[in-house]
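*Asks:* Fit chain B to the given chain A structure using the hints.
Below, each chain spelled out in residue letters.
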Amino acid sequence: MLFQYLEDSARAAPARLAVIDAERNLSYGELDAASNQVARALREQGIGRGDRVGLHLDKSLEAVVGLFGIMKAGAAYVPMDPASPEWRVKFIARDCALSAILTTPAWHASLRDVESLRCIILVEARPTNTLRPPPGQGGPVLLTWADVRAGSSASLEPLAEASPEDLAYILYTSGSTGQPKGVMLSHRAAHAFVDWAASIARVRAADRVSSHAPFHVDLSVFDLFATAKCAATLVLIPASLSVFPRELADFIADRHIAIWYSVPSALTQLVARGELTRHAFPSLRTVLFAGEVFPLKYLRQLVLTLPRPRYFNLYGPTETNVCTFHVVTPADLARSAPLPIGQVCCGDEVFVVRDDGGLAGDGEEGELCVAGPTLMSGYWGMEERTRQVLGPIPGHPLACRTGDRVIRERGGSLCLLGRRDDLVKVRGHRIELSAVEVVLLRHPDVEESAALTLPDELTGNELRAFVVLRDNASTSPEDLRQHCANYLPRYMIPARIDACDALPKTTTGKKDRVRLQEQARQLV
Amino acid sequence: MNQTVAGYTEEQVARIIRDHLDQEFHFRSKDSGLADDDSLIARGVIDSMGIFRLVNFLEQRFEIAVSPPDIVMENFRSLQAIRAFTVNRLHGRDGQESH
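As they're listed, the protein sequences go chains A and B. Going by our numbering, the letters in the first sequence line up with residues 1 to 524, in that order. Going by our numbering, the letters in the second sequence line up with residues 1 to 99, in that order.
Chain A with its partners taken away, still in its complex shape (with noise of 0.2 Å):
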């Protein structure tokens, strides 16, 4: 089970730093004690194994305590934006019926009518013990912060069924009829894919690791677990600091990061904005990247800047976290055509299905599809979705589809070809179009929507959006954006979102969204 990375580093080395936030900390022992209290607190509310808890909190020590806490509980962690919109946090806690919920006041009257929450923990911003619910009324149970803290923290008891079948946590993702849909992730899923990571990023004991991606995104369970496993320190990285890449520049500096792990647009900004000569990062030794593809401009940039790293491209959807992975070589820089995939990882298997359904050899395409111990458990609540995504495939009775397009180069290096359907990634977030165009159709002034993407080198795809609106209608682009605003997270947000008389159609009748492309490109 995940947690047992923490108490054996507590056993271990319980005076060692586990996390850092800003002038704050958690000692190993600190955080091992410290969830075994949430974890208290949730058992005593009736909630264990089989169960979710929503972790609604910005990224702070007490994320860090809660999800561990909810784990060793037996439950599954199911991590949600604190900046979502309200409409898609309710959905997803009822969409997985969350047992229970660690989240912040404000947000209290609005959860507090999920029907499936047994009880409400608030976390204030700067926890205090002046905190005081508000008299029951009936409904879930509230707890502070402090009641949980006030608790024991010795180890609770084993559970004697807890498997490694059994869900850690349950990460959601774009679902393509606008609502998004839960990726659900067991214990063994997770140790595969961090066993691997943690050997081959070399982590030490008291390297300093950052956490730069939220924990609602599946590159966060390296960052936490990794460092947990060899008892390394997690240095989570203030949001407001990954808006000013000169600053963050500084601080990877400063705090002697030496392991990052983020998406390619964060280090273009560093690369690109972040005048990252005025500092040696002599402690950088590791530096690994995913979610979307890495413009080789920049990533050559990159590499000249900081010579001393090694640099792994780290591929795989959400729904097997990584599965492949390539080291990057001088060669890879020298030339043009964009970074492989490169080779199975964390004891999976790759197959490569070409359209006929047959096993494609070296030189042909195919869809990717993987085999193995990475594998997520299925969609929560689809069960004729998960059944489209993984089954049978030639030469495995069970195996994941990613959609993925790739081509098996001699040597047994994969490509990155491209997608069927209309997935797009925007700085690393997964984005069903389609999705987007959902939302856009529900305002009552919209009889048709388009979205696509625009690609950037240096701040990866733009989303853009096209809507015929009904006659005489008054809304603006503005308006529109109000409206995408309260149902979509930030980054499915499109940029820019343009009214016109018709949607370019091909021959066929569907979106033509090649013209659409055009289209946005000639817009001023």
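Keep in mind that the hints were calculated from the coordinates and are not lab data. Bear in mind the structure is a predicted one, so any value in this text is a computation, not a measurement. Treat the hints with caution; some may be incorrect.
[Unchecked claim] Facing chain A, from chain B, some residues (calculated, C-beta under 10 Å): (1) L21; (2) I41; (3) F76; (4) L79; (5) Q80.
[Claimed, not checked] Some residues of chain B that are not near chain A, with every Cβ distance over 10 Å (derived): (6) Q3; (7) E10; (8) I16; (9) S39; (10) F57; (11) R61; (12) F62; (13) A65; (14) D94.
Backbone N, C-alpha and C fix where the C-beta goes; we use that ideal spot for every residue, glycine too.
*Replies:* Chain B in isolation, oriented as in the chain A frame:
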């Protein structure tokens, strides 16, 4: 606040910036309103792409120059900070125009 710099009063600068932020970086938060000294990042108003779009806007709208060392938290953390930075730059612009 009635003195003008490069043709703008501080109040006008503040309003132009606030209107732009409302339009470009609309947000939904549990409590309403954005105070002058609220942290724009903590409130989720600006993210890593937003900051550079905002800089472009300031450069174009006010005809000032913003260079990389200027793009730090101190100058952009709140409405107040952005206004102060912009007015400071307008003074620089003003000083270069002949009277």
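*Asks:* Evaluate each hint against the coordinates.
*Replies:* Hint check:
1. L21: Cβ of B/L21 sits 12 Å from chain A, so the hint is violated.
2. I41: With a closest approach of 4 Å, the B/I41 hint holds.
3. F76: Holds - the Cβ of B/F76 comes within 10 Å of chain A, reaching about 7 Å at its closest.
4. L79: violated (15 Å)
5. Q80: For B/Q80, the interface hint is violated, since the closest Cβ of chain A sits about 16 Å away, which is over 10 Å.
6. Q3: holds (31 Å)
7. E10: Since the minimum Cβ distance to chain A is about 24 Å, B/E10 lies beyond 10 Å and the statement holds.
8. I16: Fine: 16 Å to the nearest Cβ keeps B/I16 off the interface.
9. S39: It is violated; B/S39 is separated from chain A by about 7 Å at its closest Cβ, not greater than 10 Å.
10. F57: Consistent with the label, B/F57 stays out of reach of chain A, its closest Cβ about 13 Å off (over 10 Å).
11. R61: B/R61 clear of chain A: closest Cβ-Cβ about 16 Å, beyond 10 Å.
12. F62: holds (20 Å)
13. A65: holds (16 Å)
14. D94: holds (27 Å)
In terms of the numbered hints stated before, the structure departs from hints 1, 4, 5 and 9, listed from lowest to highest.
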